[in-house]
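Spelled out, the chains give:
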Amino acid sequence: DVKVTQSSRYLVKRTGEKVFLECVQDMDHENMFWYRQDPGLGLRLIYFSYDVKMKEKGDIPEGYSVSREKKERFSLILESASTNQTSMYLCASSSTGGMDTEAFFGQGTRLTVV
Amino acid sequence: KQEVTQIPAALSVPEGENLVLNCSFTDSAIYNLQWFRQDPGKGLTSLLLIQSSQREQTSGRLNASLDKSSGRSTLYIAASQPGDSATYLCAVNRNRDDKIIFGKGTRLHILP
Numbered sequence: 001d002v003k004v005t006q007s008s009r010y011l012v013k014r015t016g017e018k019v020f021l022e023c024v025q026d027m028d029h030e031n032m033f034w035y036r037q038d039p040g041l042g043l044r045l046i047y048f049s050y051d052v053k054m055k056e057k058g059d060i061p062e063g064y065s066v067s068r069e070k071k072e073r074f075s076l077i078l079e080s081a082s083t084n085q086t087s088m089y090l091c092a093s094s095s096t097g098g099m100d101t102e103a104f105f106g107q108g109t110r111l112t113v114v
Numbered sequence: 001k002q003e004v005t006q007i008p009a010a011l012s013v014p015e016g017e018n019l020v021l022n023c024s025f026t027d028s029a030i031y032n033l034q035w036f037r038q039d040p041g042k043g044l045t046s047l048l049l050i051q052s053s054q055r056e057q058t059s060g061r062l063n064a065s066l067d068k069s070s071g072r073s074t075l076y077i078a079a080s081q082p083g084d085s086a087t088y089l090c091a092v093n094r095n096r097d098d099k100i101i102f103g104k105g106t107r108l109h110i111l112p
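If you're matching them up, the sequences are chains C and D in order.
Mapping to the working numbering: the first sequence position 12 is 12, numbers consecutive.
Mapping to the working numbering: the second sequence position 4 is 4, numbers consecutive.
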C-alpha cells in the first residue's frame, strides 16, 4: 500500500509562530504536492515539487515556503503564521514513471492559528 | 488556464439507486483524470484513474468514463449504499510532472 504520512493530525499554533508541516511518502514518488482546503474554495495548490530540491509555486504560495531535501519528504513552512492560514492542509504524491501516475493523499493536518 | 467544474455541488438519492456524478474541464490537453472520495475531516482516497488514451475504468460498483474532446468525465455508482455518502472530487493534470487541478466536488448523501 502506498503511504503518505503527515506528521500531525491536528495542530494549534499562535500568530507569528514559524510552523512546519511534514509529509513523508514511501513509494519513491517523484512528485509531491501541498494543498489547503477551505469550505467553498475547494483544494488550492500551494506548492509542488517534481524532484529533490525542485519546487514550483502553485496558486496561493504567499506566506508559505517548502523544502525538499530528500525524495521521500516534503515540508511546508509557514514563515509567520496568521489566522487566515487556519485550514486543512493536504499532502499528496505521485509517480512520473510508466502508466501508474495515480496520486495519493495523506490524512490531512487541521491547523488552527490563534 | 485549466478549470474543473463539478455539478451539482450536492446530491441526495435513495439507497439502491444508480447515479452519475459529472465533471467537466476547459482544456482537453490532459494527461490523466482521477476521481477521489473524501469523508468529512479526512484526506482523499483515490477511486479511479483514467489515462488520456483510455475511455473508461471500472472498480467494483464504480465506473468512470472520459470524453477528452468534449472535456467531460462521469462517475457512475451502481446500487448506491449509505456508505457511499461522501464528497467526490475529480482532478486533472496536463503532464505527469505537472500540478493536479481539482474541482470543488459533489457532496453525495445516500438516504437509507
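Just to be clear, a hint being listed does not mean it is correct.
Said to hold, decoys possible - Derived DEER-like restraints, expressed as beta-carbon distance ranges:
hint, chain 1, residue 1, chain 2, residue 2, range
1, D, R72, C, R110, 41 to 51 Å
2, D, E15, C, K71, 38 to 48 Å
3, D, Y31, C, P39, 26 to 36 Å
4, C, R9, D, R61, 26 to 36 Å
5, C, P61, D, Q81, 13 to 23 Å
6, C, P39, D, S69, 41 to 51 Å
7, D, T5, C, K18, 16 to 26 Å
8, C, K70, D, G41, 39 to 49 Å
9, D, Y31, C, G16, 33 to 43 Å
10, D, Q54, C, K13, 23 to 33 Å
11, C, M27, D, A29, 24 to 34 Å
12, D, Q81, C, E69, 41 to 51 Å
Said to hold, decoys possible - Some but not every residue of chain D turned toward chain C, in silico, with C-beta under 8 Å:
hint, residue
13, N32
14, G43
15, L47
16, R94
17, D97
18, I100
19, G103
20, K104
21, G105
22, R107
23, H109
24, I110
What the hints assert, rightly or not - Heads up, simulated DSBU-like pairs for lysine-lysine below, C-alpha to C-alpha not over 30 Å straight-line:
hint, chain 1, residue 1, chain 2, residue 2
25, D, K68, D, K1
26, D, K42, C, K53
27, D, K42, C, K71
28, D, K42, C, K3
Read the hints as simulated data drawn from the structure, not as lab findings.
In this text, all values refer to a predicted model and were calculated from it rather than measured experimentally.
Using N, Cα and C, we set each Cβ at its ideal position, and we do this for glycine too.
**OP:** May I ask you to test the interface hint for H109 (chain D) with respect to chain C, counting a Cβ-Cβ separation under 8 Å as satisfied?
**Re:** Status violated, d = 17 Å.
**OP:** Mind checking the hinted window 26 to 36 Å against the Cβ distance between Y31 (chain D) and P39 (chain C)?
**Re:** With a Cβ separation near 29 Å, Y31 (chain D) and P39 (chain C) satisfy 26 to 36 Å, so the hint holds.
Subject >> Hint status (Cβ of I100 (chain D) to nearest Cβ of chain C, threshold 8 Å) >> reply: With Cβ-Cβ at 6 Å, under 8 Å, it holds.
**OP:** Indicate whether the distance between the beta carbons of P39 (chain C) and S69 (chain D) respects the range 41 to 51 Å.
**Re:** violated (34 Å)
Original post:
Straight-line Cα separation of K42 (chain D) and K71 (chain C) no greater than 30 Å?
Top reply: holds (25 Å)
Original post:
Under the criterion that the straight-line Cα-Cα distance not exceed 30 Å, is the pair K68 (chain D), K1 (chain D) satisfied?
Top reply: holds (16 Å)
Subject >> Agreement of hint G105 (chain D) with chain C interface, Cβ distance less than 8 Å >> reply: holds (7 Å)
Subject >> Per-residue hint verdict: D97 (chain D), partner chain C, C-beta under 8 Å >> reply: holds (4 Å)
Original post:
K70 (chain C) and G41 (chain D), beta-carbon distance inside 39 to 49 Å?
Top reply: Violated, since K70 (chain C) and G41 (chain D) (Cβ atoms, about 29 Å apart) do not stay within the stated range.
Original post:
If you check the beta carbons of P61 (chain C) and Q81 (chain D), does the distance land in 13 to 23 Å?
Top reply: violated (40 Å)
**OP:** Please verify that hint: L47 (chain D), Cβ, nearest Cβ of chain C, below 8 Å or not.
**Re:** violated (10 Å)
Original post:
Against chain C, is N32 (chain D) within 8 Å by beta-carbon distance?
Top reply: Result: holds, 6 Å to nearest chain C Cβ.
Consistency with the previously given hints fails for numbers 1, 5, 6, 7, 8, 10, 15, 16, 22, 23 and 24, ordered from lowest to highest.
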